[in-house]
Each structure stands twice: as structure tokens, then as C-alpha cells.
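Undergrad: Now for the letters of each chain:
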Amino acid sequence: MRNVKKMLLVLCVFLMIAMLLGACSAKGREVVIYTSVDQVFAEDILREFEEETGIKVKPVFDVEATKTVGLANRVIAEKDKPQADVFWSGEFIMTIVLANEGVLTPYASPSANDIPAIYKDPDNLWTGYAGRARVIFVNTDLLSPSEYPTSIFDFLDPDRDPSQMAIAQPMFGTTMTQAAALYAYLGEEEARDFYEQLKARGVKVVDGNSVTRDMVAAGQVAFALTDTDDACTSVNKGDPVKVIIPDQDAMGTLVIPNTVAMVKGGPNPEEAKVLIDYLLTKEMEKKLIERGWSHIPVRPIDIETDCIPRGEIKNMNVTFEEIFNYRDMVNQQMIEIFVK
Amino acid sequence: MIGTRQLMLFVRTLFYSLGTGALVMIVGVFAASALWTFHQKKLTRLLKPLFILSCVMIFVPPYVHALAWADLFYRYGIEGFGASLWVMVMALLPMGLGFSLLGFYLVEDAMVEAGRTLNRDSAVMSAIILPIAMPAMLTGMIFAFLWTLHDFSVPSLFFVNIYSLEIFAKYSATNHPFEPFMLSLPMMLVATIMIVFISGFTKKLMMGLRKGQTRDALPLHMPFWFKCLQTIAIGILILQIAVPVISLIVKVATPSNIWLSILQARRELGFTLVLSTLTATLSVIVALFLARKVIGMEKRSRLLIWVCILLPLAIPAPLVGIGLVTLFSQPGLGLIYGTIWMPVLANMIRFAPLAFITMSVQLKRMDQSLLDSVSVFQKNQMHGFINVYFPMVLPGITAAFMVVFILTTGELGATLLVSPPGRSTLTMRIYNYMHYGSSQMIAGLCLTMLALSLSAGLIVYRLFRKTGGDQ
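Protein chains in written order, with my numbering: chain A, 1 to 340; chain Y, 341 to 811.
It should be emphasised that the hints constitute simulated quantities derived from the structure, not laboratory data.
Glycine included, every Cβ here is placed at the ideal spot set by N, Cα and C.
Warning: the hint list may mix true and false statements.
[What the hints assert, rightly or not] Covered stretches of chain Y (in silico footprint by chain A; criterion: 3 or more residues with CB under 8 Å from a CB of chain A, positions within the stretch not fixed):
id, region
1, 652-666
2, 674-680
3, 685-697
4, 766-772
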């Protein structure tokens with residue numbers, strides 16, 4: 001009987017501690033950021049911000065399992081009671097979605113003065129910087145340099161084995177953004193035909209860009225489409241891989257900037273501005289490249305990485321708005337083509 | 341509302357889920373039956389820890405199995421529905437085994453003994469034991485079916501598309517919950533029908549548990565082919581445990597990497613423990629209250645209440661999360677919004693039904709005559725509650741607590757959408773690092789989860805043994 005009473009007491013104490021820990025929150029200046037930038041890159045930067053400014057950062061990180069839509073949807077759902085102050089995305093589509101949903105507020109950060117206008121929303125609802133590129137990732141044990149693909153159209157080359165190629169599911173994330181960019185560049189018919197042929201040939205369609213990277217690194221496929229941040233993780237680990245920037249002689253590749261935006265009605269607007277200014281500096285863009293999250297600066301920055309081939313990268317000649325406008329149609333068509 | 345392509349996908353998903361559920365139960369039945377048919381005591385003694393370990397693996401998230409098996413499958417070019425189905429079977433096998441064991445325990449020795457005097461043991465198995473065990477087996481199959489229906493992460497790893505991926509893709513395209521909700525209605529309808537079906541079995545299952553059977557009439561003598569299938573099933577159980585555990589140990593490389601993983605994830609670990617404790621405690625309180633009320637109801641109302649309580653199991657996790665966000669971000673309802681109580685509520689919606697099932701089982705197993713005596717001799721209600729009632733329900737409370745605790749620890753779909761800013765769980769961290777490809781870190785955290793799960797599972801087992809004798 002004493003044991004039961006003791007157990008009850010321990011349970012009560014444990015519960016009270018849990019409730020206290022759950023209820024307590026830090027006082028003082030704070031800022032809430034929702035970010036789809038990988039936690040492994042973002043958390044150090046946010047910690048440094050805390051140390052430099054004394055403002056406590058409360059981050060909410062997205063995970064690839066939700067295909068980067070989880071947090072954007074959360075911001076939309078919270079429209080009437082915003083929790084976030086800043087939205088920092090690894091791409092631009094969801095940020096434009098948020099702008100169109102009316103959940104962002106204009107802020108022209110002084111840190112972004114030297115960022116070209118094409119990377120900014122005309123109404124200052126968001127600012128883009130620190131780009132990542134869509135690349136072809138090659139296993140160097142399986143292919144000799146003469147066999148390296150140089151264009152995304154090499155995925156349709158009848159002389160290549162389609163079971164040795166992979167892409168991520170094109171109805172999500174940056175693979176969908178790339179599909180929308182192709183629609184904008186090639187036109188609806190030609191772009192749809194490209195994806196239908198990919199499907200018909202039996203190119204592997206996998207769960208995410210990190211999976212395509214892992215499959216190339218493990219030699220399960222010879223090459224795949226992925227983002228520079230995923231690819232460079234593997235390059236830096238010393239895997240037998242190489243990054244190819246595709247279509248540099250023709251249409252160019254898609255460069256996807258990070259975007260930073262201020263949430264309308266967020267609880268800490270002043271702190272949000274301080275954090276946005278911090279994230280958009282030239283030094284931060286350089287830091288994001290040094291740390292491996294981004295690889296293509298949008299303003300002149302003197303930095304080179306081992307991962308990306310030297311020289312200027314030719315970007316696809318399509319605007320963010322054009323890409324965004326194809327989003328819904330592309331998503332629907334990609335579902336029709338690939339989810340069978 | 342849904343087109344031909346979606347309909348085909350839905351039908352294929354149903355077959356895939358049914359196939360998984362059926363295979364889970366078939367392997368579970370053959371493995372569990374070994375306890376009733378193996379003659380060597382040494383072997384039987386080895387089976388028990390194997391079964392306990394296998395059942396405890398239910399708390400290991402499917403992605404851990406998937407990552408471990410993917411290494412092997414990719415190497416040999418195995419992919420598609422077969423690979424996905426195999427991994428889901430590995431992840432859900434504890435359900436098959438657990439429900440098969442439960443089913444077999446419902447069989448009374450007297451019936452088996454009577455049967456054996458009149459016919460061969462194999463006929464006793466097919467004519468007496470399996471029909472009596474069938475409700476438990478079907479329940480296990482349906483739980484495995486429901487789980488498979490909602491999980492698109494494992495199929496995606498093996499290049500298989502299922503209907504829940506369609507719902508998620510639609511959600512990502514529209515950013516509003518209405519359309520994906522409409523798309524998920526057929527899935528929820530099927531799940532609801534299954535839950536109604538399960539609810540019909542509950543009385544039979546619980547009454548059987550209350551009787552507390554033994555295995556004195558055994559072992560049975562079964563034909564050679566049956567023993568071969570039993571051996572294969574036990575081999576599969578061993579693989580189900582060994583492959584993920586060995587794969588994780590190889591990946592983590594050194595013990596210091598485990599420590600490093602824990603150290604770096606200490607904040608997430610702390611939050612996970614607090615969240616899981618609160619969720620489990622509140623779920624148990626609600627479950628105990630409901631189970632006490634429901635147990636005394638008449639048959640028709642009880643069935644209806646059971647269906648209502650189990651219904652949340654039919655709702656996909658992201659819909660639970662987005663529904664709560666939509667509801668509690670409305671003006672006037674925001675008291676708990678942005679606090680830990682949101683993920684507590686989300687996880688309670690998802691897992692309190694399981695606490696309810698556990699508590700109902702425990703209440704059915706209690707000695708009614710003892711409770712009647714207490715009501716006569718107690719000084720007051722509190723006196724009777726503390727001295728008799730509480731010690732009697734304590735094993736059930738602890739088991740329900742552990743079940744909810746561990747499932748909350750591994751939850752992602754709903755928790756991600758409602759976690760308060762600045763807080764994240766261990767599972768959220770694992771998924772983040774999976775993207776980064778830090779396999780040592782992931783393996784370290786997964787091993788930590790595995791250790792937590794095994795400890796919790798063993799506690800549940802010991803407590804239930806205390807009140808169930810040999811069972």
C-alpha cells in the first residue's frame with residue numbers, strides 16, 4: 001500500500017514538473033521564425049543571432065517528409081492568429097503563395113539594398129538571395145567523364161539505361177519548381193511530353209532530393225537530379241560523385257533563391273525586422289555558401305566552393321512569377337502523370 | 341468527386357493495405373502457434389523473450405525498418421510493391437504476433453482436450469482453436485490494414501504511390517484543408533467501416549481475457565508442413581528484430597556517437613519527454629473515466645460509443661494537425677494556441693483511443709467480487725479507491741501510459757503542425773537529419789528511441805504479466 005501511495009506521489013510530482021516545464025516561457029525580447037531551411041544549417045545561424053543581439057529566437061523547422069509545405073500551410077491556417085514573425089524559406093514558390101494569401105507584410109530591409117530587383121517582390125513582401133541550383137548528380141564509379149550527362153534531356157537519351165536514373169517526386173518541393181520552370185520555358189506541350197517520357201521510360205521516381213543523392217552516392221543509380229545543397233553534402237563526405245550544372249550551352253539551369261519575408265500581424269514586429277536585416281546581409285549570404293546550404297550568390301561575393309564547378313552559372317531565362325503561375329497546373333499534371 | 345485514375349489508385353491502395361494486413365496476420369499466427377505446438381521446453385523458453393522483443397518492436401517507427409531494409413533491397417535491385425509490402429510487414433509484425441497470441445489465449449483448455457479425444461490435433465487447430473482466435477486475428481489484421489492505408493513514407497522509398505500520397509500532393513497544391521479532406525473521405529469511410537467491424541469483437545475478446553486461460557492441454561502435434569511454416573514465421577520474426585538493430589549499430593559506428601547524438605539533441609529529448617508524459621497522463625485519465633462509463637452501458641450504446649472513441653484512428657495525422665490549427669487559431673479559441681497543449685491535444689486525439697482499449701481490457705480483467713466486497717467494507721469512496729481499486733487498475737494505467745507515451749514520442753504528422761515555436765521533438769530532429777544525410781546521427785537517435793521503446797515495452801509486459809499470470 002505504501003508503494004502505491006509512493007507511486008501516486010511520484011506520478012503527481014512528475015506531472016507537475018512536466019506541466020511547469022510545458023507552461024514556462026522565456027521573458028524578454030524574442031522572435032518566432034518558421035523556416036524550411038535545413039535545421040542543420042539554420043540552427044547555428046539563429047544561435048549566433050541570439051548571441052549577437054540578445055534576442056531569443058524560437059524556430060519552427062520544416063522537415064522534408066512534409067515536402068516543405070507544412071509550415072507554409074501552418075502560416076496560412078494561422079492567418080487570424082499569427083504565431084510567426086519571420087518566414088525563411090529555402091525556395092520561393094511557397095513564399096509567393098503566402099504573399100498571395102495576404103499573410104505577409106511589406107518590409108524593405110536595408111541589408112537588401114544591393115540585391116538585384118529581380119530577386120525582390122515589387123511590393124517588398126519578400127526578398128530572395130543565396131541561391132541553390134538544380135543539378136545533375138553523377139556517380140563517378142559508374143560513369144566515365146565522357147559519359148557524364150550535360151543536359152536534363154539526357155534523361156530521355158535512348159542510349160542510356162533509364163533504370164540508372166532518378167528524380168524526386170515532381171509534385172513536391174524544388175523538383176516541382178523545376179517542372180514549373182520547364183513549363184514556363186518550353187511551353188506546356190513540350191514540357192508535359194518531357195515528363196511523360198520520363199515516366200514512360202521508367203526513370204526512378206523517389207521520395208525526395210536527399211534520396212536521389214543517396215542513391216547516386218551508393219551507386220544504386222548512375223545519375224539523378226537534385227539540389228546543390230544535397231549534392232554538396234555528399235561531395236564533402238568524399239563520396240565518388242560529381243556535380244554537373246546542366247544545360248549551360250542552351251537554356252541554363254534553374255537557380256532557386258532562399259526567400260525571407262515578414263509575417264503580417266506577427267507578435268514581435270520590431271524583432272522580426274532585426275532578424276530579417278541579419279539574415280539578408282551580404283556576410284550572411286557568404287556564410288550560407290561557406291556552410292554548404294547555398295551555392296549561388298545573387299550579388300557579387302568573392303567565394304568559391306570545392307563542390308560547384310568554377311565560373312558563372314547560366315540561369316534559366318524565366319521569372320519567378322512565370323514559374324509560380326504554372327504551379328497549380330504543373331502540380332495537377334505531375335500528379336496525373338506520376339501518381340498511378 | 342474522384343476521377344478514374346484516383347479510383348484505380350484507391351483500389352490498388354486497398355489491395356496493398358489488405359495484402360499487408362493479411363500477411364502480417366499469417367506470419368503472426370504461424371509464429372504465435374509455436375508456443376502451443378513446440379515440444380522442447382528449451383525452445384519454448386527461447387520463444388518467450390523472442391516474442392516479447394518482437395512485440396516491443398511495435399514502438400520502432402516504420403522509417404527505421406525502411407532505412408535498414410532499403411540498404412539491402414537497393415543493393416539487389418528489389419523495389420516496388422513487393423519491397424514496400426515486406427517492410428510494412430516487418431514494421432507491423434508485432435501487431436500480428438500480439439493479436440495472434442491474444443486469440444490463442446482465448447481458447448479454453450477443456451475444449452481443446454475434448455477435441456483431442458475425438459479427432460487429430462490438426463483438426464482441433466482448424467475446427468476449434470483458429471475459429472475462436474479469429475476475432476482477435478481479424479482485429480490485428482484490420483489495425484495493420486489501417487496503419488498501412490495512411491503511411492505513404494515507406495511505399496515512397498520503394499517507388500510505390502498510394503492514395504494517401506495523392507491526398508498529401510493535393511494538400512501541397514491547394515494549401516487549404518477542404519479539398520484534401522474531401523479526397524480523404526473514401527479512405528476515412530473504409531477505415532470507419534473497419535472500426536465498426538472491430539468494435540463488434542470487443543466483448544468477445546475481453547470476456548476471453550477475463551477468463552484467463554492456460555496452456556495445460558498442450559502441446560499439439562501438427563503435421564510437417566505446418567511446422568515448416570512455423571519455422572519460417574519465426575525466422576521472419578528474428579529478421580524483423582535483427583535487421584533494424586544490426587543496421588543501426590553498424591551505422592552508429594562507435595558508442596560515443598550515440599552519446600554525441602543525445603547530447604546534441606538534449607533540448608528535443610527534454611521536450612519529447614515532457615510532451616509524451618503530459619499526453620500519456622491525460623490520455624490515461626480520460627481513458628479510465630470513459631472505460632468505466634462505457635463498461636456499464638447496455639450493448640447498443642456501448643457499440644456506438646466504442647465506434648465514436650475509435651473513430652479518430654481513421655483520420656490521417658496531418659488532417660488532425662491542420663484541423664486543430666484551423667480551429668484554435670480562431671479568435672476566442674486561442675488560449676492554448678502556441679503552447680505545448682496543442683501537440684498534447686493532437687497526440688491525445690490520435691492515441692487516447694488506444695489508452696481506452698487498454699483500460700477497457702484492464703477493467704474487464706478485475707475481480708468483480710473483490711470490488712463488491714470493497715464497496716461494503718470501505719470507510720468512504722476515497723478509502724476504497726486508494727487501497728483497492730487503484731492498485732487493481734495500476735497495471736492497466738501503466739500499460740496505457742507507456743503505449744501513449746511511446747507513440748507520442750514517435751509521432752510526426754500532426755505534431756509538426758502544432759508544435760509551439762522554439763520546440764521540437766526527437767522524431768522531428770531525426771527527420772531533419774535524415775534529409776541532411778547524417779547517418780551516424782540518425783542511427784544514434786534511432787537507437788536511443790529503440791532503447792526507450794524497449795524499456796517501455798518491457799515494463800508494459802511485466803505489469804500485464806503480474807495481473808494475467810502466465811499470459
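Undergrad: Are the hints correct? Go through all of them and say.
TA: Hint check results:
1. For the region 652-666 of chain Y, the assignment as covered by chain A holds, since 4 residues bring a beta-carbon within under 8 Å of that chain's beta-carbons and 3 suffice.
2. Restraint check on the region 674-680 of chain Y versus chain A: 5 residues with Cβ-Cβ distances below 8 Å, three needed, restraint holds.
3. Under the rule that three or more residues need a Cβ within less than 8 Å of chain A, the assignment of the region 685-697 of chain Y is violated, with 0 such residues.
4. For the region 766-772 of chain Y, the stated coverage by chain A holds: 4 residues have a C-beta nearer than 8 Å to a C-beta of that chain, and at least 3 were required.
Going through the hint list in order, the structure does not satisfy hint 3, though it satisfies all others.
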